[in-house]
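Enquirer: Generate coordinates for the entire structure from the input sequences, incorporating the hints supplied.
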Amino acid sequence: MDFSVLFYVMLSISITTIFAATEETRILCPIQTLFQLGDSLSDTGNAIRLLPVGLTLPAARLPYGETFPGRPTGRWSNGRLIIDYAAMALGLPLVNPNLDKNASLLWPEQRRSMLLSFFLEGLLFLVLDHWTFNYVYFVPTSPQSVADEGF
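Residues -20 to -1, 1 to 131 in mature numbering (1 follows the signal peptide of the UniProt record, and there is no 0) are what the sequence shown lists, from first letter to last.
Think of the hints as simulated: they come from the structure by calculation, not from any bench. We treat Cβ as the ideally placed atom computed from N, Cα and C, and that holds for glycine. Be a bit skeptical, because a hint or two may be false.
What follows is a list of derived Cβ distance ranges for each label pair [to be verified]:
{"no.": "1", "residue 1": "T(-5)", "residue 2": "L30", "range": "16 to 22 Å"}
{"no.": "2", "residue 1": "S(-17)", "residue 2": "G59", "range": "21 to 27 Å"}
{"no.": "3", "residue 1": "I(-8)", "residue 2": "R41", "range": "23 to 29 Å"}
{"no.": "4", "residue 1": "S(-7)", "residue 2": "P73", "range": "16 to 22 Å"}
{"no.": "5", "residue 1": "P49", "residue 2": "S(-7)", "range": "24 to 30 Å"}
{"no.": "6", "residue 1": "L31", "residue 2": "N58", "range": "21 to 27 Å"}
{"no.": "7", "residue 1": "P38", "residue 2": "M68", "range": "22 to 28 Å"}
{"no.": "8", "residue 1": "P32", "residue 2": "S(-9)", "range": "38 to 44 Å"}
{"no.": "9", "residue 1": "R51", "residue 2": "S(-7)", "range": "28 to 34 Å"}
{"no.": "10", "residue 1": "F48", "residue 2": "M(-11)", "range": "25 to 31 Å"}
{"no.": "11", "residue 1": "Y65", "residue 2": "V(-12)", "range": "14 to 20 Å"}
{"no.": "12", "residue 1": "N58", "residue 2": "T36", "range": "36 to 42 Å"}
{"no.": "13", "residue 1": "T36", "residue 2": "L(-15)", "range": "37 to 43 Å"}
Expert: Written out as structure tokens, the structure is:
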């Protein structure tokens, strides 16, 4: 089976399962934290928070964000993202871009529900030093130079 077909089948099953969850199911299996790893299709606004370039990007102006939330937010979309629908179905707040100065990275015992998006439009991952200094320690599986060179 083609990988893309398998991917979309698994994605459809996952989304259907999330939206089919009832209130009783959520009580039995409470989800307090949701992390999103993705690309421009799931960027919640990190790109425009990279100064000084961010404010010049098309996602910083209309029509991006015109439908939701009514103003440009840096999302490369005119409305909600798939992760937003999943969060709403689970009764969690909408996703915050991790570069948002008002978003904080706290563990569940410090903040009941938290969602963060770690990725930017067009980038595979942010600078590794930023993550190791601010959040977590990663054990690289490939040399950093390979990640810097891209594909």
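Enquirer: Confirm or reject each hint.
Expert: Verification of the hints:
| no. | hint | result |
| --- | --- | --- |
| 1 | T(-5) <-> L30: 16 to 22 Å | violated, 35 Å |
| 2 | S(-17) <-> G59: 21 to 27 Å | holds, 24 Å |
| 3 | I(-8) <-> R41: 23 to 29 Å | violated, 37 Å |
| 4 | S(-7) <-> P73: 16 to 22 Å | holds, 20 Å |
| 5 | P49 <-> S(-7): 24 to 30 Å | holds, 25 Å |
| 6 | L31 <-> N58: 21 to 27 Å | holds, 24 Å |
| 7 | P38 <-> M68: 22 to 28 Å | holds, 26 Å |
| 8 | P32 <-> S(-9): 38 to 44 Å | holds, 41 Å |
| 9 | R51 <-> S(-7): 28 to 34 Å | holds, 30 Å |
| 10 | F48 <-> M(-11): 25 to 31 Å | holds, 27 Å |
| 11 | Y65 <-> V(-12): 14 to 20 Å | holds, 19 Å |
| 12 | N58 <-> T36: 36 to 42 Å | violated, 19 Å |
| 13 | T36 <-> L(-15): 37 to 43 Å | holds, 39 Å |
When each numbered hint is compared with the structure, violations occur for hints 1, 3, 12.
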